[in-house]
Structure formats: structure tokens, C-alpha cells
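Undergrad: Listed here are the chains, written in short residue letters.
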Amino acid sequence: MNNDPIIRLTRVSKKFGQSMLAVDDISLDIREGEFITFLGPSGCGKSTALKMIAGLLPVTAGTIEITPQSGVSEQDLGFVFQEPTLMPWATVFDNVYLPLRLAGLKRSDVEARVKDILKEVGLTRFEGSYPRELSGGMKMRVSIARALVTRPRILLMDEPFAALDEMTRSKLNDDVVRLANENKLTVIFVTHSVFESVYLSTRIIIMAARPGRLVADMPMQRPWPPKDEWRTTPEFTAEARKVSETLKGTLNANDIDH
Amino acid sequence: MQTTSITEDLDAPVNTAQLRRAWREQILTWVMPITVLIIALGLWEYLVWHYEIPKYLIPAPSLIAETLIKDGPSLMASSWFTVKLTFFSLGLAIIGGVLLGALFALSRPVELSLFPFAVILQVTPVVAIAPLILIYVDSTFAALLICAWIVAFFPILSNTVIGLRSADHNLSDLFTMYRASPWQRLRYLLAPSALPYFMAALKVAGGLALIGAVVAEFVAGAAGQHTGLASRIIESSFRSEIPRMFAALVLVSLLGIVIFLLTSWASRKVLGHWHESEIRREN
Ligand SMILES: Nc1ncnc2c1ncn2[C@@H]1O[C@H](COP(=O)(O)OP(=O)(O)O)[C@@H](O)[C@H]1O
Ligand SMILES: [Mg+2]
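Top line first, the protein sequences correspond to chains A and G.
All residue numbers for the first sequence refer to the working numbering, where the first residue is 186 and numbers rise by one.
All residue numbers for the second sequence refer to the working numbering, where the first residue is 18 and numbers rise by one.
If you are wondering where the hints come from, they were derived from the structure by calculation, not from laboratory data.
Incorrect hints may have been included.
As a list, the in silico EDC-like pairs of lysine to aspartate or glutamate whose alpha-carbon atoms are at most 20 Å apart [as the list claims (entries may be wrong)]: (1) A:Lys236 / G:Asp88; (2) A:Lys412 / A:Glu381; (3) A:Lys412 / A:Glu430; (4) A:Lys236 / A:Asp214; (5) A:Lys236 / G:Asp190; (6) A:Lys433 / A:Asp402; (7) G:Lys286 / A:Asp210; (8) A:Lys200 / A:Glu217; (9) A:Lys200 / A:Asp189.
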């Protein structure tokens with residue numbers, strides 16, 4: 186692992202229209218293997234920042250650099266949306282195969298690869314099912330499999346489990362950690378849940394709204410990958426309290442400002 | 018590597034209760050309406066016989082059936098003409114509607130400049146345009162075709178445009194991220210997204226094509242052409258051959274029903290495995 190950042194944001198801003206400053210002057214270096222969460226209230230520009238990193242939105246000012254990788258993957262970035270965002274007309278297999286199909290790879294050449302990734306997310310039995318036949322958690326797994334099938338180095342996730350129940354959510358959190366660890370991924374995970382961010386990440390970036398900006402950069406001293414038991418330890422609670430307070434501080438400051 | 022266990026089980030056993038439910042569904046969709054139809058026909062037959070209603074007012078179903086058989090050959094020829102006209106115009110409406118719809122969806126300026134014409138064509142009653150078209154176009158068949166096409170074309174056009182625009186934004190972003198070519202985007206995202214809209218339009222357009230074909234022929238028939246079922250109806254009306262009128266009417270209805278069943282079947286075939294509108298739910 187070298188020391189250059191894999192993603193570097195330099196004074197990045199995003200304006201919608203004339204006055205809506207969704208992201209204001211964010212600079213950030215992300216190193217390979219980091220599991221970063223963007224934590225903040227809704228409307229603070231988390232999604233906007235993530236989409237700019239993914240190249241889905243142009244920046245208004247600043248630069249975003251992603252260190253290019255010597256071609257072992259079809260696509261350096263995987264993106265998981267808040268909704269599963271699957272094609273309802275296609276089977277689980279075809280949904281996961283999509284990125285490879287768009288890269289021009291023949292189905293027969295990559296069948297094994299798609300099946301492997303489906304196995305990794307525990308959906309082997311469902312490769313022929315349609316999305317409507319799956320539960321919310323399973324759809325999310327398909328979405329993750331699709332993001333990982335191109336063997337990206339970077340995984341971007343935008344509040345992926347916000348709509349799921351607590352149990353499914355913590356299970357998927359563990360799966361994401363496992364997959365990130367196994368595949369040596371650099372992850373940016375957007376969430377508005379303090380516990381989720383403390384459990385998952387090696388570094389928490391706290392953001393505030395109006396204008397969307399970075400207010401705290403908190404590296405986590407903690408065992409990673411986390412074990413489920415860690416959730417019940419005093420250290421976990423202490424970390425969560427610390428993050429919570431920082432977050433609250435930014436909210437109050439924001440209230441006074443406006 | 019550890020594989021996550023899945024708690025949800027989708028393979029519910031096919032049990033007898035389910036089969037029985039499916040059977041009842043079949044009875045409801047087929048046996049019931051047919052029974053009601055037969056009862057209605059029987060009642061009609063009985064009332065005509067009981068009140069001795071003359072056949073030039075309301076012929077009994079048995080007489081209509083008799084006429085259908087007696088005039089079979091000539092009525093069949095007319096039916097064939099109307100069938101050809103309807104399906105030909107529907108085919109052209111599909112081709113024109115989809116191509117123009119795709120063009121509209123691709124280019125806003127094209128849409129803005131051409132859409133008003135499409136609307137004018139749509140809102141002007143075809144009966145009002147038909148005489149003009151019959152004057153300008155030499156071949157009667159071609160003229161009738163144009164009339165029926167005008168009627169059937171619009172729903173396909175407008176639904177194709179809406180459908181092509183209805184693709185999920187996040188999915189569209191995903192295609193951008195994976196650098197999909199325009200062709201891939203059309204093939205794997207836009208076309209499937211548009212399909213439910215297109216199939217809905219097809220069901221409407223199928224019925225409209227028949228209406229267009231019949232109405233146009235009424236106009237043309239008045240000008241002395243005798244070819245399709247509509248002309249048979251007019252001609253029988255002039256000669257007060259009411260049973261024959263009914264017979265032709267029955268054939269027009271049958272054709273309409275066949276078109277409806279065909280388009281519904283196609284829609285179920287194409288969308289049944291994924292789209293809410295065609296998924297059969299058990300409850
Ligand atoms: N396409 C857009 N046009 C205009 N304003 C937008 C657009 N996308 C987001 N915004 C605004 O930018 C701000 C940040 O949005 P977003 O990045 O979605 O926040 P978050 O994901 O943190 O909830 C919000 O106030 C939102 O209303
Ligand atoms: Mg968001």
C-alpha cells in the first residue's frame with residue numbers, strides 16, 4: 186500500500202442554480218483501504234459529494250482526482266444507491282451481469298464470475314429470480330453484487346440500508362465489512378446513523394448543511410474489521426457518544442447561524 | 018469464505034388449495050361470461066318469439082346465425098378486407114408511433130416542432146378528414162389505411178415518448194457510470210422501461226384501428242365502394258336487410274374481441290414476469 190491518496194478532493198464545491206450551495210469547499214484525502222463514512226443530517230450534501238466522486242455530477246469548482254489503476258477491472262468504482270435500483274424486467278443474474286455486459290463481455294465468458302459474486306452475497310439460489318420476488322435486504326445484496334462484479338477498488342454507498350429493518354441492516358453491515366476486507370476495498374459509506382458509522386468505519390467525516398460542508402474528520406481508534414460483539418462494549422458506546430456530541434455541536438451551530 | 022444464510026423461502030409448495038384457486042379463477046374468467054352470454058341470447062330468442070317481433074325490426078339470434086351461414090362467403094370476403102385493413106393500419110401505427118416516439122424522446126426540438134401536428138391529427142375527428150383523404154388518394158384501400166392509421170397512431174406515439182422518458186434516474190446514472198453506448202442504453206434500459214407504456218398503448222390502438230377502419234369505410238362506402246364489413250352494414254341498411262346487418266355487426270364485434278384478446282395476451286406474455294400491471298397475485 187503506498188501513501189498517495191487513492192481519492193483526493195481539492196476545494197470541491199457544488200452549486201445548484203444560482204445560490205444553492207450543496208457542497209462548499211471540501212478538501213479530503215482518502216487512502217487505500219480506508220472505510221470512510223460521511224455522516225450528517227439530510228440535506229448536507231452527502232449524496233451530492235458522492236455523486237461528484239462517482240463522476241455522475243460535474244463539480245462547480247475544485248478538482249477530484251482518483252488514482253488510476255492498472256487495468257484489472259472493468260470499472261474502478263462501484264456505486265450502491267439508497268434504493269436497490271434494479272432492473273425489474275431482468276433476473277438477479279442479469280442485473281448483476283449488467284456492468285460486464287455494458288463492458289462488452291459475453292455472458293458465457295463471465296458466467297462463473299457472476300455466480301461467484303452471487304455466492305459471496307448469499308444469493309446463489311436466487312439467480313433466476315426477479316427483483317419483485319426478493320425481500321428488501323436481498324435486493325440490496327443484488328445491488329452490492331452488481332457493484333462488486335467489476336472488481337472495483339472503490340465502493341461508494343449512499344445510505345444503502347436506510348430503508349431496511351434493524352436486523353437486516355446489521356447483517357448487511359457485517360457483510361459489507363467482510364466484502365470490503367476480503368476484496369481490499371476503499372469504501373465511502375454515506376449514512377445519517379451514528380451507530381452505523383461508528384461500527385463500520387475507520388474514519389468518520391461529519392458534514393453539516395446550509396451550506397453543505399465538512400465539519401469534522403475523526404479517525405477511529407478501533408479494531409477493524411469489527412466483530413458483532415463490539416457493539417456492546419463500553420468502547421463502542423464511548424466512541425458513539427463522542428461522535429454524537431460532535432454531530433450535535435454542528436447542528437446547534439447551524440441553528441444559531443440561521 | 019462464509020456464505021450468508023437466507024431466511025426467506027420462496028419455494029412454497031404447490032398445494033391443492035392453490036390449484037383449486039387457479040381452477041376457480043379459470044371458471045370466473047371463462048365459464049361465467051360465456052354462460053351469461055348464452056342466457057342473454059336465449060332470452061333474446063324467447064322475447065322475439067313470444068312478442069312476435071318482426072325480423073326487420075329485431076331478428077332473433079337463430080336467424081342471425083342462419084344469415085351468417087347463408088351469406089357466409091360474401092361476409093367472409095368482407096371480413097377479410099376489414100381484418101387486413103385493421104391489422105395493416107395497426108402495424109403501420111406501431112412502426113410510425115415507435116419510430117417517431119423514439120425521435121421525440123431523443124430530441125426535444127423535434128418533439129416541440131412536430132408534436133402539434135400529431136395532436137391536430139389526433140383531435141380532428143377522422144370522419145371529418147376521411148372524405149378529403151378519399152379525394153386525394155387514388156386507391157381506396159390506401160385511403161382507408163391512412164384513416165385507420167391516423168386514429169391508431171397517436172396513443173402509440175405518446176406512450177412511447179412517455180415510456181422512453183420513464184427510465185429510473187438512478188439506473189440511468191448507473192448506465193452512465195458504466196459508460197454504456199447509446200445503443201446499449203436504448204436496448205437494456207430505455208426500451209424495457211418503455212415496454213409497459215407501449216403495451217398499454219397497443220391495447221388501445223388495437224381497438225382504435227378497428228374503429229378507424231370501420232368509420233373510414235362508412236365514409237367511403239357512402240361514396241360507392243363495397244368491400245369491408247362496414248359496407249355490408251350500410252348496404253344491408255339500404256335494402257332493409259336487418260338480419261344481414263346484425264350478422265355483419267356480429268362479425269365486427271368478433272373482430273374487436275379477437276384484437277382485444279390478442280393484445281391482452283401479448284401484453285401478459287411480455288410483461289407478465291415482471292410488471293405490476295400483469296402480475297397475477299394470489300389472494
Ligand atoms: N439536482 C438538484 N438540484 C437542486 N438542488 C439539489 C439537487 N440535488 C440536491 N440538491 C440540494 O442540495 C442539498 C444537498 O442534497 P444531498 O446531497 O442530496 O443531501 P444529503 O444526501 O446529505 O441528504 C439539498 O438541500 C438538496 O435539496
Ligand atoms: Mg442523500
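Undergrad: State for each hint whether it applies.
TA: Status of each hint after checking the structure:
1. A:Lys236 / G:Asp88: violated (71 Å)
2. A:Lys412 / A:Glu381: Given that 20 Å is the threshold and the Cα spacing comes to 13 Å, the pair holds.
3. A:Lys412 / A:Glu430: violated (24 Å)
4. A:Lys236 / A:Asp214: holds (17 Å)
5. A:Lys236 / G:Asp190: Given that 20 Å is the threshold and the Cα spacing comes to 9 Å, the pair holds.
6. A:Lys433 / A:Asp402: holds (15 Å)
7. G:Lys286 / A:Asp210: violated (53 Å)
8. A:Lys200 / A:Glu217: Violated - the C-alpha atoms of glutamate 217 of chain A and lysine 200 of chain A are around 29 Å apart, more than 20 Å.
9. A:Lys200 / A:Asp189: Violated: lysine 200 of chain A and aspartate 189 of chain A sit about 29 Å apart, past 20 Å.
Comparing the model with each earlier hint shows violations of hints 1, 3, 7, 8, 9; every other hint is respected.
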